[in-house]
Structures are given as structure tokens and as C-alpha cells.
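Chains A and B, in that order, give the protein sequences. 0 is the number of the first residue of the first sequence in numbering that gives the first Met the number 0; add one for each residue after it. 0 is the number of the first residue of the second sequence in numbering that gives the first Met the number 0; add one for each residue after it.
Bear in mind the hints are in silico, worked out from the structure with no lab data behind them. Each hint can be trusted.
BS3-like cross-link-like pairs, simulated, lysine-lysine; straight-line CA separation at most 27 Å: (1) A:Lys-44 <-> B:Lys-150; (2) A:Lys-470 <-> B:Lys-53; (3) B:Lys-50 <-> A:Lys-79; (4) A:Lys-44 <-> B:Lys-292; (5) B:Lys-92 <-> A:Lys-201; (6) A:Lys-470 <-> B:Lys-126; (7) A:Lys-466 <-> B:Lys-53; (8) B:Lys-92 <-> A:Lys-204; (9) B:Lys-147 <-> A:Lys-79; (10) A:Lys-466 <-> B:Lys-50; (11) A:Lys-79 <-> B:Lys-150; (12) B:Lys-147 <-> A:Lys-470; (13) B:Lys-288 <-> A:Lys-44; (14) B:Lys-53 <-> A:Lys-79; (15) A:Lys-79 <-> B:Lys-92; (16) B:Lys-292 <-> A:Lys-79; (17) A:Lys-44 <-> B:Lys-151; (18) A:Lys-470 <-> B:Lys-50.
Looking from chain A toward chain B, a few residues come up when the C-beta cut is under 7 Å (computed): (19) Tyr-50; (20) Phe-51; (21) Ser-99; (22) Pro-105; (23) Val-213; (24) Ala-513; (25) Thr-515; (26) Val-518.
Note that this is a predicted model, so its numbers are computed, not measured. From the three backbone atoms N, C-alpha and C, an ideal C-beta is built for every residue, glycine too.
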Amino acid sequence: MITMEQLNDNQKRAVTFGQGACLVLAGPGSGKTAVLTLRVANLIKQTPDDYFKVLGLTFTVKAANEMQDRIIGYLGEDSKRIQIRTFHSFCTDLLRQHGSHLGLRPDFTVISDEKDRAVVLKDIIQKHGPEGDLIEPVEDVLKNIDTMFTHAISIDEMPKYFDNKEEGIRFSQLAKSYLDELVKSNQLDFGSMLYLSKILMKEHKRITRQVQTVYEYICVDEFQDTNPAQYEVLKLIAPPKQTNLFVVADDDQIIFQWNGADPKRLAALKSDYDPEVIQLPDNFRCPKPIVELANRLIQYNTIRLKEKKPGYSQCVNAGIVTLQKYDNFESEIDGVVSEISGIPNLQRETCLIIARSNKLLETIRQGLDRKNIEAEIIAKKQEFSSPLILFLHDCLRLANAPASRSFLNKLCAAASKIEGVTFSSEEIIQKSLTSGTQFLRAFFEVSKASELLQYISECGIELLCSKLDFKNFMSAFFLHYSDSEIANNCPDYEKDKEVWDNLYSRFERQNGSALTLHVFLQCLELTPKNQALTRSCVRLQTVHTAKGMEYAHVYLLGMVEQHFPSYQAIKQGDSSRVMEEERRNCFVAITRASQTLYMSYANSYFGYNKSPSRFLREMGVI
Amino acid sequence: MRITKLHINNFRGIENLEVTFDREITVLIGENNSGKTTILDALRYGLELVKSEKGVVFNEYDFRRHNVEHISGCPVIELLYIFEESDEHPWSKQITQALNSVIVGQDNQIIKYRIKAYYDQEESEIKQEISFLDDAGQELSGKQPAIKDLKKIRPFFYLDTLRDASKEFQGNSSYWGSFIKDKSVDKENRAILEEELKEIHKKILNSHLGFTDVIEEVKRINELVSVSGNNPVSVEPAPADIYRTLRSSQVTLTADGDAKIPLQAHGNGTQSLSVLLLFNAYLKSRLTKDIDKLAEPIIGIEEPEAHLHPNAIRAVWDILKQFPGQKIIATHSGDILSEVPIDKIRRMSKVGSEVICHSLASNELDAEESRKFNHHVRRNRGELLFAKCWILVEGETDTTVISACARILGSNANLNRHGIRIVEFSQASPKLFIKIADRLGIAWHIVADNDKAGEDYLKQAKKLLNGRNEINHISKLSASNMDVLLCISGFGAPYENRLPSQAPQHPPQATWGDVMNEMKKIYVNKPEQAFSVAKKLEDRSCSPIIVSSKGTPEYWEEVYRLLPRGSSKPAAAMEAISLIEQGGETSVPSDIKLIIQQAILLAGGQS
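With the sequences and hints as input, model every part of the structure.
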């Protein structure tokens, strides 16, 4: 763990920066997480008699948890004065506590599943009748609504963005109905959460004042990935000229433009806050040859902060960069297999294979599989995969929201997968109406007839129907199914169970005795369900999921035109925003490596001829 | 930050009640069993005793058992504590920072903290739930840990009636103990002192010969059990720990004659006072060190007047007033009550099985009205506010006569027993008293003379009836005043006897012409008027001429009017009263009997 004494001058300046606004331009491997963590911890350590809180905003739950862990390590305890949140969890907390002013109840659920959102929208369209018939499919409408919300466009302003005025008005009405329906049914999606948080703080000044009073220091990580809606919320929490805002960013790592990230955001930050700028150009991760490649590559982007210093390697490793050329994709994969075979088994976890698309990754993974090399694609998991665990999750969700039809549907789907027979939610709804019981109880009455679900259904009736003893239900569930035949047949059961146990322990530690079913489910909603991988497993990731990580050996495959940079980027043009983002993707990809970087390309992929990627030329390796 | 409201539902004898608290001091008065202690206990449960959902503080007797046999049929107990910020006294930023997660509110910051208790049939035990609510009264989840922070910032202390010095002035008392704990003896000093203590302990042991025999005998343990050969048995001195010594220290008060008597040997009053003072010292110097830098106490005190002489009670009030924080006091003492501004009083009453809390807001009376009323309360040692019914009268004679008649009517008409007080409204208007009585839940019955002034008073009273029956609340005397009433009722002799009966001893020396000349000199402008006044006086100086027939009401009115200035009407009244007494119950004038009966009915009793 890094201590203050080990920091260089720039880093120390950043950590000890006092009041006001500060922008830290931090390249890859610059130790920015350490800087951020130390700053936050120091602010608290140096003010033992104060009561203010420090808010740390990160982008992923993983980053938040990491920071939390480091702070506990540094301070020796989980300080209540430090709150590390993602934007979403911050908004969730805010809306749970103060959302009553907007008609929300504190126990609203967070929908992350596209299908659930589509259901809400479809319901509204049906209600509007024939006029409400849409030309576009529901998914597209949702996408447009998302884009609007992400760009902080209020419902009144929406029509402006349409060529056809009538269409614009219809769309905005639809968006409003969608929002109203979400609020009425006490559920929110991520876009509406940001939107409503902004409205809440704009219309209820007292609440905004409360937030500003509590958080005297606000630190934001990966600021370059903020979308306009998040920036608006940030400006309300930390008004320019009045707060202490500490922002860490690297505009060369903006790769979430599709989500609204934009180099303009940094420009806006600079003009709104006029921050002091501290640069952390030292790259402690990547060896010199890699840093040189990265610097050469990124110079080709035009839309970036001119004053940003080029990276400077501080890494002791000599570093090896290799470039290989192959006839076709299959031999490219064979090539990487032989490279990896040279790495001892227990060090395979330090190997990362990056490719630009999931299709490429999947093909590579299958290739590794055939050669008996253990490899997994790391993708963000919003839901569990094992039907058994889904069943458990859905039982708890329905117990917590007894009148929710969508949870009942999910529960039936999971049960159907387990049993192999269909559980009909209509049938169960009927049963519940006639017998005057709630959905969950009616479900258990039906499911206890099935052999595999009998025991757990009885438990469910006793523990979840008249009370909410979810802890005992969970124990009973795991006790019953672990080592059972069905669990052994369900491939993902063990992995999902491990994730469940880990998350449960973490939430228990964070919340202590206040971990009710409610709180547990809320935490689950906001956390990805990825399982831990073994030490002998090679990781496969896209650039986006690999961001912020570090691996000893990085293998970058598929470095050809139309894959990396992508076909869309080339279509948009050489100097288009999309092309610049592709270049940044490449920048991020190569700066994951701390020892060796292996890049390769082939002459043909899936039967098509391809030419080597321009990025290789720009890096100077061909 | 202060607690501003408490909602009580189904707790002991209270079905549904909302109590508001003043920033500084709130005084609860009411008869025994009217709910005062229930309110203090509700505060105590929520703000002091409840720690988490696990440690249940409620017992079966806390549930409201109205017509219910078994606890499982009792309604759920619900106690809601509201802390609301006011414009005049905004909360400090540290409080906002410390309690942020449970602060809600539209315009001002509010904290809503609720406890519920119910009987769980399946597990056959009482369960309690703690939660904080959002602005719309909905439960926020996962906020229970905030109760610890709330209790640290606003700790609740309860001082009950039995203030036992022997309990409070010892090492394990939270207040005295806190002073001992303050390890303010520096390290060096401590080491030196403990060395010396050690030496002294040794010396004491060595000089005490009584142990030698015992030691000899216990040494024989050697024969039975294997122990070390050399010195298996010894008596060791007490540990040389200065804090132990401190813990056994005693507070003494020097009584008359220089005897230092320990506190616990003094009388109850002295003990009571000293505990209050100890508590005050604790609040002043130990509270923020022990509990939290931001801590300000909420203090519940039951009967601070217990065991104290009225002079001491006045002194106690001065101490209580200076306690920091927010004070809620339940009292039966008129002395204390007379010191309390009217808007800080909460009068509890029980109507049937319903408990009601009456109060007057600070803006309902203007400064003048407040002053006048407070003066009245003080004059009567607060007794006014303990009454169930006021008989509002114009003057002293009314008071004397009515109370005497009540006495004469026998124990059933005992005004004190029925909680009836007679109130003279002469310095202020009856309007003021009626307004206050209605707000505080005190019944009233106004008695007015049959004259112009009396008419006005009755008019004011009628306006304030608000649909109530006039007969129950208003009486007009059948005579122009109480004295005349007594005469008409047959007890006029004392008054008649006071009429001047003879001609003046010395006839006047001057003629009327002389008088007129005198007038013209002195009263230059209006000599004629002065002259006519003089003539009237002359008419009165001799045996008055009464026009009406003897014994009629008009006769007695004239008698009253013709009574000379110097004659003592009160004395006449007293004589008349004695006459009534001689006659017994039946002699009491019916006017008065009726008034008393009405008042008794209003006070809720049977006459």
C-alpha cells in the first residue's frame, strides 16, 4: 500500500491540494487511484473534530469497492465520513431519502434490464390507443429516451431536437408518460434517476443546500467519462466557486462517447470551474517502449487538451513489445496459444487478451478452449445466470414487492427452467385472487407440487410469506441445493453461489444490523454479478471492460482495418469523432501492460481480406 | 435542534395524543393518572432506552388494554418523535453533517423517528421496530444506525421523584462516576501518590495484629494441599490505585454545629437538591467530554418540588431554568407553575378514557394580556391552573360569599374537592379568562352583577359561548350585587344596622347662603354645580330617607346605596354569612346554590 512518503512531487501536490477546484490530468498507470484515496483519507485524518463528509464519485461499483478497501487499509477503519459512490448509487440514495417530493416511495426498485423497461413503455403505448402506435420499434424509442436523458435534455426541450415538430411533441409526451409511469409504479431506470435527481435539486433548494452542507469536499474519478446529465448533477452538488471539487481525468481515455462522454466535458469543466491543473504524466505501470508507442499514437488525435504532457515511463521493467503477422485468424489464434503456453500455469491470471469486438473474443476463446487453455471472457453481468440462483433472487424480490407482476413473471420463468415444466403467471394470479393470498404464496402453493421445488416452497411459505426472514430462507436454500444433483447439472450454480456469498458478506459488512431484505436487494441491484476467476485462467476482455486494469502480459489481436479501427469509424471519416475514439481505445488497450505487449494481425478474417491497422503505423511498429 | 413534537398512539392509557414541546422548557400539569408520566416515559423509551431492534424495552403493561383481555389483541404501540428546525433557530451545519442520512423536509429540516411495538403471536414475544421516515411519513430503509448518532447528539436524561443521594453520589452512578473518570491527575503525580498509598497500606496492615492468628491457622493448609514452602499465606494490602480511593470518597455537608454529615444521612429535601445540583455540574462540565462534542441534553424531570419547602422550591426553579438544553417537567407545584410563562404549560386531562393535552400558543396572548394573567397566576400560587372549573366573579365579596356558602352546604359541595376555584377578574376582562380557560380545557362559569357593568361582562361571555348552553356557564345575580342579594335573601340586618341613624351631633354653623359664597370663591367657573353636590351631601348626613317599602328588593337596593362611605361592607357581609350559617344549608340563597351546583357539574362531579 502506498504511503505519502512514496509519492513524487506532482502526486503530493495533488493529494495535499486544499480548497477550491482542481483538475488532475492523469495518464494511464499514473497512480491516480492512490492519489485519490490518499487525498480522501487525509482530508478526514486531518480534521478529527469536524463532522463534514467527503464524497468520492467513481464510475463502476468495482472502482468504488476498491477505493473503499484501500481507505479502510489506510485509516484502519471504515470511516462514516467518507462516502464512495457511483453516480447511480448517489442518485439512488438521494431519491430514496427525498424522492417523496416527486411522488416516489423510498422502496422504489431499480430496473436495469432492458426487457423490463420495454414492458413499461409498451404498456403506455397500449393505453394511448391507435394514435399512440409507433412507427419505430420500442427498443429504438427507449434508446432515444435514454439519449435525451443522458444529455440532460429536459422533456420541454425535447421537441427542439426533431425536424418534424409534431413528431417531436409526440415523442416528448411519450417520454413524459414513460417517466410518470415509472414513478407511479415506484421503479426507476438509470436515465430517469439522473433526470429526477436534477429536477429534485433544482426545485427543492433546501435539499440541495443540505447536500452541499454535508459534503465539503467532492472528488470525482474518471471525470472524462461523465455524461451531460451526470455533469449537471455534479454542478448542483458542487456549485462552481462555492465548493471544493477535485477531479481526476484523462481525455485520452475517453471511450464512452456512446454514453455521452465527450472531450467537451473537460472544456466545460475548465470554463465553469477555472480549476488549478496538476499533471501526472508519470506512468508507473508501462515500460518505456510501450509508453513511447502510446505517446506516438495519441498525437494523431486533434481534439484533446493541448497542454497535456506526454506520458513518461517510471517503470523499472525493460518491457518487450512484439508484433506478429499471420496468414489467417486461425493461425493468429494458434500463435497466441503458443505464446501463452510459455507462461507458467499459476501466472495465467496476469495475461489479458484484448480484441475490439465480442465476436473476435468469442472465437479466440473457443480456440483456447480447444487447446485446453483455461480462458474466460469478462463481461459485466447485471443478472445471475444460473436458474437456481435466479429463482432464489426472484423469490426474494417478489417477497419484497408482493404485488409486482414483473417479478412474478421472472420467478415463473426461473422455475420453469428448473423444472422443465411451464409455470404460468396468469394461473397464479388467478389463484391468488380467488384465495385472497398474495402472489408469492400462491406461487409456492403451486410450485410445492413439483418434486424439485417442493422443499424450498414449503420453506418459502413459512419464512417469506407472513414474515421476511430472508436470511433463514437463504440458508435453507443453499443447504438443500448444494451438492444436489440439480446443482451439479446446473453449470453456473457454483460460480453464482460464490458471487452471492461474496456480495452478501460485503453488504453485511457495510450495513451491519441494518441489512434488511430491502437494503440487500437494493445493493444487489446496483452491483454487477461477475464471479471471481481462478489464477490459472487467462482473461479475455474488450477495451471497455479492461479500462483501469493492469496486466503483466497483454495480447492485442485483430489489429486490422475495419476491426480496429472499426468499420463504422472508417465510414465516419479519418478525422471524425468516432475515429478519434477508436484511437483512444487503442491507447487504452496498449497501456494495460506492465511487462510485455504482444500485438498481432492476420491477412484474412472469416474469409475476408484485411489490411493492417493504421494504428500500427502511427505507433511506428510498421 | 430540539424535539418539537411527540405523537403517542396506543401506549398505556393514551390512545392518540400529540404533544408539542417548547424550545427551552415545557411544564406538564394534570391530575394523577392524567398521562404526564406516560409522556415522560415515552420520551425515555425512545430517546434513552431503545438501542436497537433487538433489545426490546416494552413490557406487556405498556400496551393499551382497553376492553382487551390478552396482549395479543392489543393495538400496535406507535411513538413518533419529531425534531423540526425553526426559522428563528436554524440547525448548525455540524448537526446537518452528522445526521444527514435521516434529515428530510420541504422548507425546514426535519427528523422523524418512529418506534413501534407489537406482540408477535408466533414467537410469543414482544417485538419492536425502529425506523426513520421521509417527508411523506414513509419508512426509509436501512437507517437504524442513525439512532446512535441521534442519541449522542441529543442525549435524554430522566430525573424521577426519588432522588436518592446514596445512589447518585457513588462510583457507579453515571454522573458522579463521570467526574471520577476524568483522569486529570497527571502521570508523575499519580505515580508518587500511589507509591505513598502503597506504603501506608503496608503500615496499616503491619500495625494490625488481628490477622496474625488467622494467618497461623490458614498456614496449616500446607498439611492438606501442596503450596509453596516459604510464606504460603499472607494478607496483601488493597491495590494502590488512586481512582479506587477516589471512588470511595464521600460528599458531606456541614450541619449546624460543624458536624460533617455525609449526604445520604441528610433529609430527603437536602438529598433531592444535592442530586439536582450534581446533575447540573455534570451537564456543565462533563457532558460534551463524555458523550459528544455536539451533545445538548433533553431532560425529563418528575416533580422537582418533592420534599422541598416552598422557599427551596423557588430556588430549585432557578437551578432548573439554567440547565442547558431542553427541559420537560411534570409538576404538582403551584410555586413552580407561577414562574412559568403560560405558553409553556401543557395541561393534561382525562375525559372518559381519552387523554387530552391542552395548551396556549405564545402568539395567542399579547404582552399586556400575558402580564395580567401571569400576575393572577402568581398571586394564587398557580392554583388557578390546577382547577377543573373556574367561577369567574367581579370582586372580593363574591369570592367570600360563594366560598362560605359552599362550605355551609356541606362536604358534597366542597369546592376544593371538586377542583373548583373562584377567580376575580376585576383587574382584567372576563374575555381573557374565558379564552384561557377554553384553551386549557378548564370549564368556567361567570357570575355578574345585575347592573350596567355586569351586563357588559355577560355580553362578552355570551359571545364566547360558541354553541354552549348559556345556563351552564352564565349567571346574572338577581340583585345589583352580592351584598344586596344577601339582604334580599333575608340577611339584610347587618346592612341596615350600618345605616346612619341620627342627625349630626352638631348642626351646621353656616347658612346655605354662606356656603354659596364660599363656592363662588373656590369654584369660580361652576359654583352652582358645586353647590348642588354640597346639598346632596347634606341630605345624606342625616337619617336617610328611604322611599321604597321596607323589605322589598328596591328597599334593599336603596339601603345599599345609602350606606355611608366609611362603613365596612365586607364586615357586614361576614355577619350576614354567620347568619346563614346559623340557618344551615337551607338558608343559602338559591342564586348562589345554583351557581355552585352548575360549577360542580362543569367540574365533572355530582353535587
